Amino acid sequence: MMASIARTAALPLLLLLAALVPFSNNDFYVALGVSLLMYATLATAWGVFAGPTKYISLATAAFFGVGAYTVGLFYEKIPMLLLYPLAAIIGAVLAAFVGLTTLRIQGMYFTIFTFGLAELIRQFMTWYQRNVSGSVGVYILTDISARQIYWSLLVLLALTLLGSWLLSRSRWGLALLMIGEDELAARHSGVRTTAVKVIALAVTSAVIAVVGAIVAPRWTYLDPNIAFNPTLSFMRAVIALLGGMQRFWGPLAGAIPLVILFDQLNARYPTSYTLILGLLFMVIVFVLPDGILGLLPKLQRLRAPAAPAVTPAPGAGTLSEPVTPAAPARQASPGVDGTSGVVTTAPATGTTLLAVRDLRKTFGGIVAVDGLSFEIREGEVFGIIGPNGSGKTTVLNLISGVYEPDRGEIVFLGRPITGKPPEEIARLGIARTFQLVRIYPALTCLDHVIPAALFGGHARTLMEARDHAVHILEELGMGAFLHVPAGQLNFIDQKRLELARALALRPKLLLLDEWLAGLNPSEMVIGMELIESLRGRGMTIVLIEHLMQAVRRLCDRCIVMSFGQKIAEGVPEDVLRDPEVVRVYLGEADDA
Amino acid sequence: MASLLDALVTGLVYGGVYALLALGLTLQYGVARILNLAYGDFLIAAAVFATLLYQHYQLSPLVSLVLVAPISFLVHLLVYHLVFVQLERRSGSWRAMEASSILLAFGLSFVVSGAMLAIFGGKLFSYSYLLVPVHILGSVVPANRLLAFVLALVFGGIAYLLLVRTRIGTAIRAIAVDPDGAPLAGIDVRRWAGITFAFGGIICAAGGVLISMFQTFNVPMGVSFTLKALVVVIMGGVGNAVGALVAGLILGVTESFVARYVSPGLTLAAVYGLFVLAVLTMRTGILGRALR
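Taken in order, these protein sequences are the chains called A and B.
For the first sequence, our numbering assigns the number 8 to the initial residue and increments by one for each residue that follows.
For the second sequence, our numbering assigns the number 4 to the initial residue and increments by one for each residue that follows.
So that you can see chain A by itself, here it is in the shape it has in the complex (with noise of 0.2 Å):
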């Protein structure tokens, strides 16, 4: 306790100590503070993008040199203070459009981009001034002292700090942290991932576009080679990773001993610096790849080496009690039950929930999909059948908005969804889990399913999500594991956190791609009764499976595929009887 309340206070006081720095009447100190701030704000804000998401902007120079041109063009005929968020607007409008462009689809795009921008805009600046204006740079005449430049660049470092913090604990940190360690699966818990970027991308570059404004008027003459100097870039990729880049001191730690070395080797060995500048990165890279920061909790670690690891228990959850609906639970909380969106009439009432006409997909020459009909009526389990590579999988990756259909439709809940985004469609209901399982090995169980109930489901605060989040695994008897990092779990709770976190959603239809494959026998009974359970609350599922058994006892309906096209509907126990069926399966009789 104590503890935290020293973290809490360190940091007003270390600023309130910092402000006071110019009072020293120090030129030396209000300089060097100056790029320190200036490099601290430049890596905290990128951090905040980078850190969690992985995804890597090599553009500061960019966004720092936009922000210094506009004050450079500017400060005459438009008060200083206007500039400042005058800069951020177009520092955040080009980061936007950066990330329009570039971060709609995943890759390495978005590094090439940024990797060359400041380059462009450099060129871009130069021919701009030749050509338009008349001179390659532009004089910065203002009265803004040194002192001035410290001090704002010090509330800019708080003012970032703060956000920092505060992203750090909103579902917009979990959100961008769930990008970073699997995209798919966050878009499945209803992240609009696509919109989460760009906005996190176009903010921290609105900071960096301010911190070039802010210094602009240290240079006297500005010119496009000062302000989009590529190094910039790299300095501060050099120090968030000395610092640590998930971390929240990261930055500054890294700051001070690298901005004072920096100093000195300008001042030095001005020829050989970059070359000294890209050894040592190198050598950060390979020796502390977690940077300074990241070596405390090893050195904890060593100090006490008694820490009790968190494994559960061998068996403890894997053959606990089969989960049978909680009902007084339900009712005790029904706002943050994990069915209480589901349509609570009998099952089978026979209105379509989903219906799907006239699929077709094909991947190159492969036809993955043809001509699939089918509908599925709430309530219903609904099973999907057939040979490996029959489809199967896809036609779920179709439902689930993973793949856009080349031909056919897809109505759900009388409104079509063809071709929409996963994201989308998670949000209007419909859950999966995959046949792989996919989860984030260290994110605890909590932080799996508390981001589904927060962007998919009904939950307004993160509280009320952590309460669904709690009361769901609880339900699949997973109470134990709240807080264990998912890559600890064995295969059956995996399986289990992934169907949590689909239930989060209040899905109206649940798609599970082969739940039961790869478990044990013992478990599997654990399994479909979880399933019954979950039919037994008017849950509308669909079911790929090649379990006979389970099928037979678990499914309503179900369509058996055979390359791409469905050769049965029915009731399992016809549709299994099918001669068709049989010659699918077993392959043709042996005429000889």
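These are calculated hints, taken from the structure and not from any lab test.
Keep in mind the model is a prediction, meaning the values are calculated, not measured.
Even for Gly, the Cβ is constructed at its ideal location relative to N, Cα and C.
It cannot be assumed that every hint is accurate.
Here are a few chain A residues that face chain B, going by a calculated C-beta distance under 10 Å [what the hints assert, rightly or not]:
1. Ile63
2. Thr109
3. Ala125
4. Ala244
Starting from the known structure of chain A, fit chain B onto it as the hints suggest.
Here is chain B on its own, set in the frame of chain A:
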């Protein structure tokens, strides 16, 4: 009309070299899974090497080509095994590894260009080799550009045939498609990924020597070469050799037209324009995925 043709021919010459550069980079990214941001800096190193040999020993750039290939191969092999493989061993998740490998390549680019900056500073390099006018399609082209263009196409063609027609090439393509599945077919992924990375390094160095034959350059220009090669890779589709050729030619011609008719200061803007178009309209490149 003559100037239009000039722009076209110049653009095609540059485009051929860009296509070659993109082929080397796409091998490194597609097979070794390394986004080599130091590519342009290694290219400049080879170009400087050829220039110095020409200036001090009157050595033809064609001889430099032969000399620089094995050196570049070894350097890239060392970089792969000493830097990137070590990194992979110590990082946990794939995403974390990808993020730190990008940062590492970014650092490597500063090391390579920093070393050259420490020695040469920002001074410009150029030498006149085969500065003979050749009349082609009614336009006049210096022979050195024409030679560079032809050699770029020849090298690219050889690399393509090696990939498509040989057993080793097939193994390398298998790694590109499925690095987890390739070992099941008896392919030593680590070894061949390293060799492919180094082979990409040979192509990069060859491109550097070719460029030194007809263009004035300096050390800070490495970044823009990396960027152009990356944009061509994206436009052509990762791992697609024919796509890279078409995209390289498009980029070269666009650049040349913008330089002539708009402003030489806006060529990078043209490159970015193509990049944005490529990303917005196509996900697998202009020709889809052919090589795979």
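Hint check results:
The beta carbon of Ile63 (chain A) comes within 5 Å of a beta carbon in chain B, closer than 10 Å, and the hint placing it at the interface holds. The criterion of a C-beta within 10 Å of any C-beta in chain B is met by Thr109 (chain A), whose closest approach is roughly 6 Å, and the hint holds. Checking Ala125 (chain A) against chain B: minimum C-beta separation of about 9 Å stays under 10 Å; hint holds. Hint status for Ala244 (chain A) relative to chain B: holds, with the closest Cβ pair at about 6 Å, below 10 Å.
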